[in-house]
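Just need the whole structure built from these sequences, with the hints factored in.
This is what each chain is made of:
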Amino acid sequence: MALSVRPAGDFRVSYQQDRTIFPTRGSTLWCIVGILFLCLLPLQIGGKSLVSSYWLALVIQIAYYGIAALGLNILVGFTGQISLGHSAFFGFGAFMSAYLSGKHGVPVALSIPLAGLATGLLGVIVGLPAARLKGLYLAIATLASQFVLQDFFSRAEWFTGGASGANAAPFSLFGYSLSGDRKYYYVVLFYLVIMYVFAANLVRTRDGRAMIAVRDHYLSAEIMGINLTYYRILAFGISSVYAGIGGALMAHYTSFVSAEAFDLLLSINFLAMIIIGGLGSVMGSLMGTVFILFLPEFMQSIVRGIQSFGYAQSAAFIEGLAYMKEMAIGMAIVLFLIFEPDGLAARWRKIKAYWKLYPFSY
Amino acid sequence: MNTTLLLQLLVNGVIVGALYGVVAMCFVLIYKASQVVNFAQGEFVLIGAWACWWLVTSLNLPFWISFPFCLLFMSLLGVLVQIVVLRPLIGEPVISIVMVTIGLSIFFQALLRWIFGVFTQPFPPVFATQTVSILGLNVESAYLMSLAISIVIMAGFAWFFKYSRFGLAMRATAFDQQVAQSLGVSVRQVFAVAWAISAVVSALAGVVVGLVSGVSASVATVGVKVFPAVIGGLESIVGAVLGGLIIGLLEGLAQFFDAEYLHFGNLITIAPFYAMLLILLIKPYGLFGSKNIERV
Numbered sequence: 177m178a179l180s181v182r183p184a185g186d187f188r189v190s191y192q193q194d195r196t197i198f199p200t201r202g203s204t205l206w207c208i209v210g211i212l213f214l215c216l217l218p219l220q221i222g223g224k225s226l227v228s229s230y231w232l233a234l235v236i237q238i239a240y241y242g243i244a245a246l247g248l249n250i251l252v253g254f255t256g257q258i259s260l261g262h263s264a265f266f267g268f269g270a271f272m273s274a275y276l277s278g279k280h281g282v283p284v285a286l287s288i289p290l291a292g293l294a295t296g297l298l299g300v301i302v303g304l305p306a307a308r309l310k311g312l313y314l315a316i317a318t319l320a321s322q323f324v325l326q327d328f329f330s331r332a333e334w335f336t337g338g339a340s341g342a343n344a345a346p347f348s349l350f351g352y353s354l355s356g357d358r359k360y361y362y363v364v365l366f367y368l369v370i371m372y373v374f375a376a377n378l379v380r381t382r383d384g385r386a387m388i389a390v391r392d393h394y395l396s397a398e399i400m401g402i403n404l405t406y407y408r409i410l411a412f413g414i415s416s417v418y419a420g421i422g423g424a425l426m427a428h429y430t431s432f433v434s435a436e437a438f439d440l441l442l443s444i445n446f447l448a449m450i451i452i453g454g455l456g457s458v459m460g461s462l463m464g465t466v467f468i469l470f471l472p473e474f475m476q477s478i479v480r481g482i483q484s485f486g487y488a489q490s491a492a493f494i495e496g497l498a499y500m501k502e503m504a505i506g507m508a509i510v511l512f513l514i515f516e517p518d519g520l521a522a523r524w525r526k527i528k529a530y531w532k533l534y535p536f537s538y
Numbered sequence: 063m064n065t066t067l068l069l070q071l072l073v074n075g076v077i078v079g080a081l082y083g084v085v086a087m088c089f090v091l092i093y094k095a096s097q098v099v100n101f102a103q104g105e106f107v108l109i110g111a112w113a114c115w116w117l118v119t120s121l122n123l124p125f126w127i128s129f130p131f132c133l134l135f136m137s138l139l140g141v142l143v144q145i146v147v148l149r150p151l152i153g154e155p156v157i158s159i160v161m162v163t164i165g166l167s168i169f170f171q172a173l174l175r176w177i178f179g180v181f182t183q184p185f186p187p188v189f190a191t192q193t194v195s196i197l198g199l200n201v202e203s204a205y206l207m208s209l210a211i212s213i214v215i216m217a218g219f220a221w222f223f224k225y226s227r228f229g230l231a232m233r234a235t236a237f238d239q240q241v242a243q244s245l246g247v248s249v250r251q252v253f254a255v256a257w258a259i260s261a262v263v264s265a266l267a268g269v270v271v272g273l274v275s276g277v278s279a280s281v282a283t284v285g286v287k288v289f290p291a292v293i294g295g296l297e298s299i300v301g302a303v304l305g306g307l308i309i310g311l312l313e314g315l316a317q318f319f320d321a322e323y324l325h326f327g328n329l330i331t332i333a334p335f336y337a338m339l340l341i342l343l344i345k346p347y348g349l350f351g352s353k354n355i356e357r358v
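Protein chains in written order, with the numbering used here: chain A, 177 to 538; chain Y, 63 to 358.
The hints are simulated quantities; they were obtained by calculation from the structure and are not laboratory data. Heads up, a few of these hints could be off.
One side of the interface only, derived from the structure: several residues of chain A facing chain Y at Cβ under 8 Å [claimed, not checked]:
(1) Val252
(2) Ile258
(3) Pro305
(4) Leu312
(5) Ile316
(6) Ile444
(7) Leu447
(8) Val510
(9) Trp531
Going by beta-carbon spacing under 8 Å, a handful of chain A positions derived as facing chain Y [unchecked claim]:
(10) Gly311
(11) Val324
(12) Glu502
(13) Met507
Beta carbons are placed, not taken as given, at the ideal position from N, Cα and C, and that holds for glycine.
Below, the structure is given as C-alpha cells:
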C-alpha cells in the first residue's frame with residue numbers, strides 16, 4: 177500500500193531512486209530537524225521547563241508504545257498476518273528485562289536489547305504453528321495465545337513475581353544514572369529513532385519486499401521463490417523483538433511490572449494504533465500511537481470545555497468520563513475503518529498533495 | 063475419586079455447553095451468511111440481558127411482555143449494526159472486518175458499564191426456582207429450563223435452514239453469493255436478517271444466563287468462550303453446537319481436576335484456550351471446517 181502510492185508522473189527510474197527512504201533533500205532535512213526538536217523537549221532553561229512533566233511522561237509513553245505498534249505493523253501491515261496477542265509479547269519483554277536485571281544482575285542497558293531478543297525467540301516459537309494458519313483462524317489462535325501467555329505471567333512466580341508483580345531496576349549507563357523522566361527520555365528516544373530507522377530500511381531490503389509480496393498475493397510470492405513459512409515466522413520474530421524492546425523500555429520507566437497490564441484490551445489498542453495510523457506505513461504507526469494516546473486527553477478537554485459553560489456538572493457525568501474515553505477509542509476504530517481505511521498516513525499524503533498543487537489541486 | 067462431584071460438574075458442563083453452542087451458532091450464522099467474524103457477539107448477549115432486565119425492573123413490565131419487546135429491540139439493533147457499520151466494509155480485508163467488530167465491542171462494553179454500572183444485578187424471580195433431583199444429582203430447575211430453551215433454539219435453527227424458504231435462501235447465499243443473487247435471492251436482505259436472527263438468539267441466551275445468575279458485564283465473556291467453541295469449524299453450524307458442548311464438558315472436567323488435584327484456581331477459564339490451540343495445531347480449519355485446505 178504505502179510503497180505504491182506516489183503522485184502521477186513521478187517515476188523512479190533507477191534502483192538508486194527506488195531504494196531511497198527520503199525522496200528529496202528537503203525531507204531528509206525535515207527529519208533531522210524533527211529529531212533535534214525532540215531532543216530539546218526535556219530541557220529546562222533557567223529553571224523553567226520547556227514541556228511540563230505531565231506532557232513529557234505522555235511523550236515517553238508514546239515512544240515505547242510506538243515501538244511496539246511499529247512491530248505489530250510489520251506483522252499485520254506488511255506481512256498481512258493478524259495478531260491479537262501483541263500485548264502478551266509486550267509484557268514478556270517487560271518481565272524479561274526486569275528478570276534479567278533484577279535476578280541476574282545484568283546491566284539494564286544490556287537487558288533491554290536482550291529482552292528484545294528473548295521475546296523475538298518466543299515470537300518465533302509461537303509463530304511456528306501460526307505459519308500454518310491464515311486469516312480468521314490465525315486471529316483466533318493468537319487470541320488463544322494471548323490468554324495462555326497472560327495465564328503464564330500470573331502463574332510463573334519465579335519469573336514474573338506472580339500476583340505481586342516484579343520490580344525493574346532504574347536505567348544507568350557506565351555508572352551514570354539515567355532514571356528521572358527528563359533523562360530516561362533520551363534512552364527511549366534513542367531506541368525510537370533506531371527502531372524506526374531499522375523498519376524503514378527493512379521495507380527496502382529483499383526481506384521486507386518479500387513480506388509485502390506475501391501479504392499482497394501469497395501464491396504469486398511463492399511462485400517467485402519466496403519461502404512463505406520462513407517469512408511468516410520471520411515477521412512474527414521481528415514484530416516480537418519490537419514488542420519486547422517496547423515492553424522492556426516500559427518496565428524500566430514505570431519500575432514496576434504487573435501481569436494485569438498486558439490484557440486483551442492492550443492488544444486491541446495496539447491494533448487500533450496501526451489501523452488509525454495506517455496499515456503498512458512506518459510513520460503511520462507513530463501517528464496512530466499519538467492519536468490513541470492523545471484521544472483520552474482530547475475527550476477530557478472537551479468535557480472540561482462543556483463544563484466551563486456551566487453544563488454537565490453532575491457527578492454521574494464526571495464519573496462517566498472514564499467510560500467516554502473507552503467509547504471514544506471504540507468509536508475511533510469504527511469511524512476510521514469506514515471513512516479512512518488507509519489511516520492517518522494516507523490522510524497526511526492527501527493533505528500534502530493538496531497543498532503542493534495548491535490553487536490547481538483537484 | 064469423587065464421582066458425584068465429577069458427574070455434577072459434567073452435567074453442569076453440558077448445560078453451560080449447550081448455551082455456548084447456541085451463541086456459537088449465532089456466530090457461525092453471521093460468518094456463513096456475510097463472511098464477518100463478529101467479535102461483538104458477547105456484547106449482543108449482554109445487551110439483550112440488560113435490555114430485558116431494564117424493562118422488567120425499571121418499567122415494571124411483566125416478564126412475558128418485556129421479553130418480546132427485548133427481542134424486537136435486539137433484531138432492530140442487529141439490522142442497524144449490519145447496515146451502518148458492516149455494509150460499508152463489504153469487500154475490505156479480513157483485518158478491517160475483525161477490527162470493526164472489536165471496535166464495536168469496546169464501544170458497547172463501555173456504554174453498558176456507564177449506563178448500568180459494574181455490579182451484578184439479579185433478575186426478579188420469574189420462574190419458581192427449586193432443585194430437581196435426577197439420578198441422584200441435584201440440578202436447579204432454572205438450569206434445566208436453560209437446557210430446554212437451548213435445545214428448542216437448536217431445533218428451530220435446524221427446521222429453519224432445512225425447510226423454510228428464507229433459510230434455504232440463506233444457505234444458498236452462504237454457498238455462493240453471486241449464484242444466489244442471480245437466482246433472485248436478495249443478498250442484502252439475507253445479510254440483514256442473519257444479523258437480526260443472530261442478535262435475537264444471542265439476547266435469548268443472555269436473558270437465560272441473566273435469569274440464572276444475574277446480569278453483569280461478565281455475561282459478555284460468553285462472547286470470548288465462543289472462540290474455543292468454533293473449534294468445530296467456522297463454517298459448520300453442527301460443528302458449533304458440538305464445539306460448545308465439548309467446551310462445556312471440558313470446563314466441567316477442568317473444574318473437577320482443579321478442585322481435586324491441581325489447585326490452580328483458574329484452570330476453568332484457561333483450559334478451553336489450550337484445547338483450542340491444540341486442535342488448531344492438528345486441524346488448522348477446525349474439526350468440521352470446510353475442506354478446501356490451501357498449503358501454506
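We went through each hint and held it up to the structure:
About 6 Å separates the beta-carbon of valine 252 (chain A) from the nearest beta-carbon of chain Y, less than 8 Å, and the hint is met. Look at isoleucine 258 (chain A): its Cβ gets to within about 5 Å of chain Y, closer than 8 Å, so that hint holds up. This hint holds: proline 305 (chain A) has a C-beta 5 Å from the nearest C-beta of chain Y, less than the 8 Å allowed. Nearest Cβ of chain Y to the Cβ of leucine 312 (chain A): about 5 Å, under the 8 Å cut. The hint holds.
Hint status for isoleucine 316 (chain A) relative to chain Y: holds, with the closest Cβ pair at about 5 Å, below 8 Å. Interface restraint check for isoleucine 444 (chain A): the shortest CB-CB distance to chain Y comes to about 6 Å, inside 8 Å, so the restraint holds. Interface restraint check for leucine 447 (chain A): the shortest CB-CB distance to chain Y comes to about 6 Å, inside 8 Å, so the restraint holds. Residue-level restraint check for valine 510 (chain A) holds (minimum Cβ-Cβ distance to chain Y is 4 Å; threshold 8 Å).
The interface hint given for tryptophan 531 (chain A) is broken, as the beta carbon of that residue sits about 28 Å from the closest beta carbon of chain Y, more than 8 Å. A cut of 8 Å between beta carbons decides the hint on glycine 311 (chain A): the least distance to chain Y is about 5 Å, and the hint holds. Taken as an interface hint, valine 324 (chain A) checks out: its beta carbon lies about 6 Å from the nearest beta carbon of chain Y, inside 8 Å. Hint status for glutamate 502 (chain A): holds, given a least beta-carbon distance of 4 Å to chain Y, under 8 Å.
Because the beta carbon of methionine 507 (chain A) sits about 6 Å from the nearest beta carbon in chain Y, less than 8 Å, this interface hint is met.
Violated hint for the displayed structure: number 9, the only one.
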